[in-house]
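A.B. asks: Next come the chains, spelled out residue by residue.
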Amino acid sequence: MNAGRVLAIARRIAEGVRRDRRSLGLVLVVPILVLALLGWVIRGQSSLSTRLGVAHGAGPAETAAASAITGLARAAGDQVVDVGADEASARAALRADQADVAIVLPADLAQAARGGQVDLLVITPGISPGDDGARLAALQTVLVDGLRQLATLPTSGGGPPPSVQLHHATVYGSPDADLLDAFAPALIGFFGFFFVFILTGISFLRERVGGTLERLLATPVRRSEIVAGYSLGFGLFAALQVVIILAFALASLSVPALGPLPPFTIGLGISNAGSPLLAFLMILLMAVGSVNLAIFLSTFARTELQVVQFIPVVIVPQALLAGIFWSIDALPGPLQPLARLMPLTYAIDGLRQVLIKGAGLEAGAVQLDLAVLVALALGLVVLAASTIRREIA
Amino acid sequence: MTSSGQDPAATASSEAPPAPAPGSARNPRPAAEATALRKTFGPRVAVDSVDLALSPGRIYGLLGPNGAGKTTLIRLLTGLARPTSGRATLLGVTLPDRAVLARVGYMTQADGVYGDLSVGENISFYGAMYGVRDAAQLRQALELVELADRTDSPVESLSGGMRRRLSLACALVHRPAVVFLDEPTVGVDPVLRAQFWQHFHELAAAGTTLVVSSHVMDEADRCDELILMREGRILATGSAASLRARAGRDDFEDAFLVLATPAGRAAEDDR
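Sequence order for the protein chains is A and B.
Quick note, in our numbering, the first sequence goes up one by one and the last residue is 393.
Quick note, in our numbering, the second sequence goes up one by one and the last residue is 271.
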């Protein structure tokens, strides 16, 4: 091994990276930026406003327990709403978006307490696992104190304090919905955005660097035709990808045991309440936005490596802010407007509305998501077209 | 080809073969025209004080060393670049103009063909961009450069010379009235180069105007008229023979050096 040659190679690489300010920035600055953003998002969470209701019977024990809980909730800053007397009315209130969390007390609290165990049902909408999780965590403190008071109620008959069992249920999604059911719509949206972005970015960069764009612009082609052609071409692949992802996520095909192979299941079998077609339309609209964002940003890249470098800058913030893990309302205040500019935000919300809640075109939230996705796609088309100039140099 | 007297070095063109005046019967309208064309990139002047009028059906050789401004001038004359000042017209239309590009061919210095497509797919693509869908016309463009039997070959598998040929076919597929060829013969072997020039003369005979840039001086004799460039300015114009006579040199390369040197100094003194 010749140390001189090894050093020469190392020096060439160091010089190359040193001159490529973008790569240098990626290595040194971007990890800090991403970590700072993550820290900000987690530590700077705005407290979600919570509308809490306690469904309870008219008996003295139930009324006392309910007022104990609502009193603590009020003290914690929650808004207390009426959700009726039983689980059915509580679910109706959640479905009508009159409450965010409902606690259902047992029909006969005193008897349950005498039996030594009190089962409390906590119901959340189940559309955004991040929101539900944050609200449940906040409730925990309220409930712990509330339950302690509950246990010492005179109705317990002076016996040993009953143990209190919390059960969590959601209005939307199947009763046995797991984390995957809740996250699948967000992840489907994310992949739809991500892969189309990278494919288009590299493809358009090649067009710029390889001289074909110059050549193309020497023909009578319109800029809008180039952008529309790209959107259609990559939109087609995005559509294909989305069909496959949706099918895999929603389907559950059982394959029987074959010879030495054990039986297995193809597909995740995600519970799906709404129209897969509507979900497909939303992802497609988002993909058009993604294609054109990539065309726009490819102006700022000179190499394929630099396109890949857009991942931590463009993709990661969207993953953190677009509502996959935390709802927009829970983000630190200054980040909320930023999140509302991202196409992924609306695609994820729309997908959740459709797939989990089963909302259709008639739902206001779905209409809003669709309208914003269309507007963002059109805006990005204009932005992309504006970067393709007959005069490149 | 006419040249105004604004550039002191360009007065040599008066010795060129009689160029038909614009508006004459033989030349109703120049194919391309430039008036006081200037293009700067920041402090760098890429093209300066260029006045040109290119007659239809002639081959113009745009000659000059690397960095003389040949490519920038071509981009100005096609409307791909916007002049800092001055005016360029193409087929009577003031540039930049999108529609006139349908009658213009441009073979860029880079091949500008898609490596992941086949030969046939590339010619179909550029044909579609120019609105040419006729299969016979597409095939004819490939036959012209002897690539008709390689229609299905992926471009990635072609040699450098074959790519150059495909690039030429893509510039001619729509039978343009004016063709700009930016160093079309770089990296092309002598046999193929002779073929290229034969095509160029056939096109000119059919009325097409060609502008061929080169830094290879031995291609000068193949052009009808020459435009000598250096440092963004036109040094001299005229036929190869007239320029040789003016410089008093038999070898064109020597002639270029003679013609280029004093003007080069003058241009530097100007700044």
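Treat the hints with care, since some could be wrong.
As the list claims (entries may be wrong) - So these bits of chain A aren't anywhere near chain B, every CB distance computed over 10 Å:
hint, residue
1, Gly16
2, Leu24
3, Ser67
4, Gly133
5, Gly210
6, Gly211
7, Thr212
8, Arg215
9, Leu216
10, Ala218
11, Thr219
12, Pro220
13, Val255
14, Gly259
15, Gly269
16, Gly364
Claimed, not checked - According to the in silico footprint, chain A covers these stretches of chain B (three or more CB under 8 Å from chain A):
hint, stretch
17, 105 to 113
18, 125 to 132
To be verified - Have a look at the derived ranges for each label pair, beta carbon to beta carbon:
hint, chain 1, residue 1, chain 2, residue 2, range
19, B, Gly131, A, Leu232, 38 to 44 Å
20, A, Ala251, B, Gln140, 48 to 54 Å
21, A, Gly229, B, Thr151, 50 to 56 Å
22, B, Glu156, A, Thr299, 25 to 31 Å
23, B, Ala205, A, Gly379, 50 to 56 Å
Bear in mind the hints are in silico, worked out from the structure with no lab data behind them.
Note that the Cβ used here is the ideal one computed from N, Cα and C, for glycine as well.
A.B. asks: Each hint: holds or not?
C.D. replies: Cross-check of the supplied hints:
1. Gly16: holds, 23 Å
2. Leu24: Consistent with the label, Leu24 (chain A) stays out of reach of chain B, its closest Cβ about 25 Å off (over 10 Å).
3. Ser67: holds, 72 Å
4. Gly133: Non-interface label stands for Gly133 (chain A): nearest chain B Cβ at 46 Å, farther than 10 Å.
5. Gly210: violated, 7 Å
6. Gly211: violated, 3 Å
7. Thr212: Nearest chain B Cβ is 5 Å from Thr212 (chain A), so the label is violated.
8. Arg215: violated, 3 Å
9. Leu216: violated, 7 Å
10. Ala218: It is violated; Ala218 (chain A) is separated from chain B by about 4 Å at its closest Cβ, not greater than 10 Å.
11. Thr219: violated, 4 Å
12. Pro220: About 4 Å separates Pro220 (chain A) from the closest Cβ of chain B, which leaves it inside 10 Å; violated.
13. Val255: holds, 37 Å
14. Gly259: Check passes; 42 Å lies beyond 10 Å.
15. Gly269: Gly269 (chain A) clear of chain B: closest Cβ-Cβ about 38 Å, beyond 10 Å.
16. Gly364: holds, 43 Å
17. 105 to 113: holds (count 7)
18. 125 to 132: holds (count 4)
19. B:Gly131 / A:Leu232: 38 to 44 Å: Cβ of Gly131 (chain B) to Cβ of Leu232 (chain A): about 19 Å, so the range 38 to 44 Å is violated.
20. A:Ala251 / B:Gln140: 48 to 54 Å: holds, 51 Å
21. A:Gly229 / B:Thr151: 50 to 56 Å: For Thr151 (chain B) against Gly229 (chain A), whose Cβ atoms are near 23 Å apart, the range 50 to 56 Å is violated.
22. B:Glu156 / A:Thr299: 25 to 31 Å: holds, 26 Å
23. B:Ala205 / A:Gly379: 50 to 56 Å: Holds, since Ala205 (chain B) and Gly379 (chain A) (Cβ atoms, about 52 Å apart) stay within the stated range.
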